Amino acid sequence: MIQFEKFSLPNGLRVIVHRDTSTPMAVMDIMYDVGARDENPERTGFAHLFEHLMFGGSVNIPNYDEPLQMAGGENNAYTTNDLTNYYIQLPAENLETAFWLESDRMLSLAFSEKSLEVQRKVVCEEFKEHYLTKPYGDVWHKLRALAYKMHPYRWMTIGKELSHVEKAKLEDVKEFFFKHYRPANAILVVAGNVTTEKVKELAEKWFGEIPPGKKYEHNLPQEPEQTEERKLEINSNVPLDALYKCWHIYPRMDRRYYITDLITDILSGGGSSRLFQALVKEKKLFSAIECYHSGSTDSGLLTIEGKLIKGVAMKDAESAVEEELNKMKNEKVTEQELQKVKNKVESMIAFEDMSLINRANSLAYYELMGDASWINFELDKYASVTPEDILQESRNIFRSTNCSTLYYLSEN
Amino acid sequence: MPERKQPPSIVDAVHFKLQLKPCQHFSLANGAEVYAIDAGAEDVMMMEWVFFAGNWFEEQNLVAASANFLLKNGTSNKNAFQINEHFDYFGSYLNRSCYNETATITLHCLTKHVKELLSSVRELITDSVLPEEELAIYKQNMKQRLKVNLQKSDFVAGRLIDSYLYGEDHPYGKYSSAKEFDSLNRDMLVAFYKKYYQQGKFMIFIAGRLPQDLEALLNDQFGNLPNGSVLIKDMPLRPETEKKFRVVNDPDSVQGSVRMARPFPNRHHPDFLKVQVLNVLFGGFFGSRLMSNIRENKGYTYGIYSFLQNHIHHSAWMISTEAGRDVCEATINEVYHEMERLKKDPVGEEELKLVRNYMIGGILGELDGPFQIIARWKNIILNDLDENYFYNSVNAIKNVTPEELQQLAIKYLQPEAFYELVVT
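Protein chains in written order, with the numbering used here: chain V, 10 to 421; chain D, 37 to 460.
FYI, nobody ran anything at the bench for these hints, they're computed from the structure. It should be emphasised that the depicted structure is a prediction, and the values quoted were computed from it without experimental measurement. Idealized CB from N, CA, C, for every residue including glycine. Don't take every hint at face value.
[To be verified] Coverage of chain D stretches by chain V, computed from C-beta distances (three or more under 8 Å per stretch; other residues unrestricted): (1) 76-87; (2) 318-324; (3) 335-347.
[Unchecked claim] With a straight-line cut-off of 25 Å between C-alpha atoms, the simulated DSS-like cross-links for lysine-lysine are: (4) D:Lys41 with V:Lys207; (5) V:Lys351 with D:Lys151; (6) V:Lys123 with D:Lys334; (7) V:Lys293 with D:Lys175; (8) D:Lys175 with V:Lys143; (9) D:Lys334 with V:Lys183; (10) D:Lys179 with V:Lys293.
[As the list claims (entries may be wrong)] Far from chain V, some chain D residues (derived; all Cβ distances over 10 Å): (11) Ser133; (12) Thr142; (13) Asp256; (14) Asn263; (15) Asn424; (16) Ile446; (17) Gln450; (18) Ala453.
Based on the provided sequences and hints, a complete structural model is requested.
Here you go:
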């Protein structure tokens, strides 16, 4: 059970305090309700580029990192298709430094031309490092565009193409900031060796005067139900043939999300999971195979991805995958197998919750979804899943008309 | 309206009193040493069996890593699937890893399940059969994985720079090839397993919320294993005499992997701890000289870091980055430029204070949690140090002077001592 207290400032900033006196540290986590899905389709990659610019100085503080390092702190940030998250860990005595830094950059950025110019280059190098230079690096650009036709999940967080990032202008940066980086669209979590009284006092002092801004409504184009099988073939200079199949699943807060999560654990994850055992160990068709899902806020994708053994025909590999999926659709899992994956979830949550940063991050996320207290009901939701649920949802998800398939073929 | 131009007052991290939580230490009936940290907010624990079975001890490349990998792929009573299913059922994670001097088996589990799992770990140590068929699958899959990795310039660069520093036959410098996977056979793995696991020497590191009867539990399962002795041979270094290398791996790549490195002594050398501070200043954190110049000012790269390699016998001081293909040479020049600046002028008090506070704050954060604490102890023990090493390193951070750092820069940051490699 993770304890916390919650209050709001008059400007709409939601504040959550999670006290843990066993640590000398404090964590501040600020989550903004904006991600790559909120971008203009002609200006993709902007939410993430913007995250970089948040470190280029704010209205009263020319350098963000130095004073934090001076206070013995560390920070990082990440952007997803759904949200942007910033977090600091520092000695609890120096908590006010975090309030000072984060409130100033919520008040206003410095909007420096030089910082924009450098960060555009840095992000382009990040784009190259992760998505262009690696074999199979572009696969998610292709897959997203295949599986999504309407919803902005059709592009990646890093952006559709380098040119979008290269074209970003300072006026875009300003507009984006005042639309999304306002108290009304943010959640502040303070965790660690702190008290609610102190956090309240500091929050009012540092964040209280920031204008509330307008609450942003996502109003995103929804993805229509897929009604036909989709296929794409790529021939490229990669060493091995690879198979990717993905299916649309459910939004993060849907009950069926939990069923889907357990389905992926049954298929993949441990050394005794079905795909690994049948296709890598017994039939020796793949050298590696995994099943995972995107975990996104809106309806995401469940994906099976495998590298074929040299010489194995793609058709044979694919039908062996289908065979395993048919088992999911036709035979109920045993209570024992279901218990195994539930036990795995229980221990995974326990290991994750060891870290103060993870706890702060989860609290912010559940609050963004609607209510921070949901953090304590996750296990119950998994526990309530039955073998019938798994069967039913396997039938729903693994339909050919819900599936996009990508053959990534080796030219060598 | 709060004063926003001036930072709030802080407690300088150098004033924090850092303490390494003491570690329980006992020996099993067979003399195997156990180190344990009982702490943590969740009912979870981690156990690690460390064997002296790294690639230092193999007579043919890949034997140590392959024997380690196949430990959980079959015993005389269970096949790989049954072994995995048992650990999976209890929501536990059983991993194994092979390093240079050591090789490990690691178990992460909920404390309430540990009793169900220990006898299965024992089975892996006493009764693995390393089945022929599992070896065949492993060889096939590893060769395929290697093929993919060899297309990545960072992977290729990492292998090459180590081979320049230590020589291709040294445990720290050798690397895998498809041919060497092919030449592995079960007999050599079984012989290695017998000598270095069944009859080998091991110690155990444990952390988390521990069961009350830990010592008895461990003695039951592991106190009657042979726990032999091993001889750590001296391995000659054969560093490359040539210093500068440019390698083309993929003519179409948009980035290059830049590595620069020089040999450096191990943790017992008197300069080691102070050079750690110099390294942080140079390229060890986000505010470092290299990062400020090459990422934040020039935008040549997404990130650039320097570090001292984490080896027991010999170390190396390495600079590593992935940079735009057309700015790799400019990046190397800037690295040398930053070396010159450190040699020419002593670091300013303010910048040094920042590095001190950052490092102490980092240690304070890292000491938070049982897994991190046992990792520090493990490092101390495997490197044949004692807890003074921890306090000496804190002292070095707090007290090293700008002049000492400058002298160390003059002593070690000599361009001619560095290997230079770009893989594009």
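Do the hints match the structure? See the list:
Coverage of a stretch by a chain is defined here by at least three residues with a beta carbon nearer than 8 Å to that chain's beta carbons; for the stretch 76-87 of chain D and chain V the count is 5, and the condition holds. Three residues within the 8 Å Cβ limit are the bar, and the stretch 318-324 of chain D against chain V gives 3, so the coverage statement holds. Using a Cβ-Cβ cut-off of 8 Å, 4 residues of the stretch 335-347 of chain D lie near chain V, which meets the minimum of three, so the contact claim holds. The suggested pairing of Lys41 of chain D with Lys207 of chain V holds, with an alpha-carbon distance near 22 Å, which does not exceed 25 Å.
The hinted pair formed by Lys351 of chain V and Lys151 of chain D meets the criterion: a straight-line CA distance of about 20 Å does not exceed 25 Å. For the suggested pair Lys123 of chain V and Lys334 of chain D, the alpha carbons sit about 10 Å apart, so the restraint of at most 25 Å is met. The suggested pairing of Lys293 of chain V with Lys175 of chain D holds, with an alpha-carbon distance near 12 Å, which does not exceed 25 Å. Pair hint Lys175 of chain D plus Lys143 of chain V holds up; C-alpha atoms about 23 Å apart against a cutoff of 25 Å.
Taking the CA atoms of Lys334 of chain D and Lys183 of chain V, the gap is about 23 Å. The hint holds against a cut of 25 Å. Simply put, Lys179 of chain D and Lys293 of chain V have alpha-carbon atoms about 14 Å apart, close enough for the 25 Å limit, and the pair holds. Residue-level check passed: Ser133 of chain D sits 15 Å from the nearest beta carbon of chain V, beyond 10 Å. With a closest Cβ-Cβ approach of about 13 Å to chain V, Thr142 of chain D is found to remain outside the 10 Å limit, as its non-interface label requires.
Its beta-carbon lying about 24 Å from the closest one in chain V, Asp256 of chain D satisfies the requirement of being farther than 10 Å from that chain. Annotated as non-interface, Asn263 of chain D keeps its C-beta farther than 10 Å from every C-beta of chain V; the closest such distance is 28 Å. Residue-level check passed: Asn424 of chain D sits 22 Å from the nearest beta carbon of chain V, beyond 10 Å. At roughly 26 Å from the closest C-beta of chain V, the C-beta of Ile446 of chain D stays outside 10 Å, upholding its exclusion from the interface.
Look at Gln450 of chain D: its CB is around 29 Å from the nearest CB on chain V, clear of 10 Å, so calling it non-interface holds up. At the 10 Å boundary, the C-beta of Ala453 of chain D stays outside the reach of chain V, the nearest C-beta of that chain being 28 Å off.
In this structure, none of the earlier numbered hints is contradicted; all agree with it.
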